[in-house]
Amino acid sequence: MAKLVATLASTHHPFYLKATTMPPEQQMPEAPEWKRKVEAYRETLARAEPDILVMVGSDHFHQIFLDNCPQFLIGKAPRYDATFYNEIREFGIPTYVLEGDEDMSRFMHQSLMDQNFDFAFSNELKIDHSIICPIITVRPQNDLPVVPIYTNIFAPPLHSPKRFYDLGRAIRKAIDDYPSDLRVAAIGTGHLSLELGGPRQFMETGPDPEFDRQAIEWLRAGDVDAILENVTHESMAQSGNATHGFLNFILMLGVAGPEGADYVDNLDLFHTMEAYFTWYPKEQAA
Amino acid sequence: MSKYWVDKFLFTVDRDPDYLKRYTEDPRTFVATWEQSIGPKLNDAEMSTVHGFTDKEREALVNHDYVALFEMGAHFFLNLTIFIGIYDEPYMEKNGPLSFQREFASKLQHWRGKEYPSVET
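One line per chain: the protein sequences are X and W, in this order. Going by my numbering, the first sequence opens with residue 1, and the numbers climb by one from there. Going by my numbering, the second sequence opens with residue 1, and the numbers climb by one from there.
Just so you know, not all the hints are guaranteed correct.
[As the list claims (entries may be wrong)] Covered stretches of chain W, going by a simulated chain X footprint (3 or more residues, C-beta under 8 Å): (1) 12–18; (2) 49–62; (3) 91–102; (4) 112–121.
[Stated by the list, open to error] Over 10 Å on every C-beta distance to chain X, these chain W residues come out as not near it, computed from the model: (5) D7; (6) K8; (7) E25; (8) P27; (9) A32; (10) T33; (11) E35; (12) S37; (13) P40; (14) K41; (15) D44; (16) A45; (17) D65; (18) A68; (19) M72.
By construction, these hints were calculated from the structure, which means they are not laboratory data. Where is the CB? At the ideal position from N, CA and C, for every residue including glycine.
All chains, full assembly: derive it from the sequences and hints.
This is the structure in structure tokens:
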């Protein structure tokens with residue numbers, strides 16, 4: 001059976017590449033520290049020596065729109081083009097082509113259906129920055145095939161935090177059950193408190209630093225009970241109108257299981273808190 | 001009112017460099033064109049007859065009025081990225097990085113502490 005070798009959950013800041021590659025005299029003061037933290041985080045994936053990446057992100061109205069909007073979707077394609085014109089324009093993210101693995105996508109799709117998750121699928125999925133940002137940060141050589149999974153964190157009504165956690169558990173089971181000797185890393189990205197297109201956007205900190213600190217502690221401890229007791233759609237909206245990206249962190253904790261993280265780091269940046277978590281399955285960590 | 005139609009406008013224009021240029025340079029003409037021939041197009045053979053703008057929605061789009069669009073429940077991400085596409089560079093040249101984004105936020109300060117208009121369609 002396939003082996004989960006690492007679970008990574010992080011924020012995806014689309015300006016990382018631009019911020020750390022512009023001429024040094026133009027860089028923001030935090031850029032060197034940001035780069036150092038991201039490169040240290042990258043090592044937590046390299047150490048696990050994965051063969052394939054199951055990647056969880058959320059399309060930001062690039063391929064998916066309100067005329068046809070799935071809650072959960074899995075890519076099943078031999079390759080995935082990535083990054084759209086308006087992301088290149090706004091964030092300076094280059095285009096990519098990611099290799100796919102149709103066998104693993106097919107297996108995971110069936111497994112998730114069998115576990116009562118009614119997944120939509122796409123045989124021609126163009127990936128956006130929610131999946132390319134972690135390629136840039138933790139696997140810039142882009143040398144591994146991926147199975148992409150999209151969640152709806154954007155167009156209400158959204159699934160509950162509990163449903164996201166349960167989906168993480170189901171993804172873990174699908175990985176564990178895959179008949180193969182592949183070493184699999186699961187990588188998902190979302191947000192802590194975040195405001196976009198509202199009165200609290202682009203402040204000196206994220207819109208709710210207290211939530212950010214609390215969320216990091218919950219994830220550090222793997223305390224899913226505290227998360228599910230405290231985090232609701234209403235509480236996330238109060239923390240910032242795009243805070244629902246935290247649902248993907250809850251999902252990734254479901255993949256890892258309710259355990260303390262093996263690696264935790266964060267960085268307070270203008271308008272957002274960056275956070276980086278890695279879990280190694282217990283038998284791997286020993 | 002059709003939040004969906006407003007969102008479709010923002011979505012289709014933000015993702016197309018030619019539409020974005022036309023919407024930047026002559027919004028009134030472009031919004032009229034969009035209503036006639038771009039918005040309703042489902043594919044080369046099919047047209048939709050379902051949606052339309054109210055006068056208020058049309059004026060908000062013509063005026064690049066992101067405050068009014070926010071207040072109508074246009075999706076926050078679409079409403080931000082399209083106007084960053086139009087205004088980020090000229091603002092940056094004049095007043096430095098993020099100056100447009102901060103002005104955008106400052107014009108919405110009266111919503112702080114309140115429940116924002118729903119973006120559900």
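Results of checking the hints against the structure:
no. : hint    : verdict
1   : 12–18   : holds (count 4)
2   : 49–62   : violated (count 0)
3   : 91–102  : holds (count 3)
4   : 112–121 : holds (count 7)
5   : D7      : 6 Å, violated
6   : K8      : 7 Å, violated
7   : E25     : 17 Å, holds
8   : P27     : 18 Å, holds
9   : A32     : 22 Å, holds
10  : T33     : 20 Å, holds
11  : E35     : 17 Å, holds
12  : S37     : 18 Å, holds
13  : P40     : 12 Å, holds
14  : K41     : 12 Å, holds
15  : D44     : 17 Å, holds
16  : A45     : 16 Å, holds
17  : D65     : 13 Å, holds
18  : A68     : 13 Å, holds
19  : M72     : 13 Å, holds
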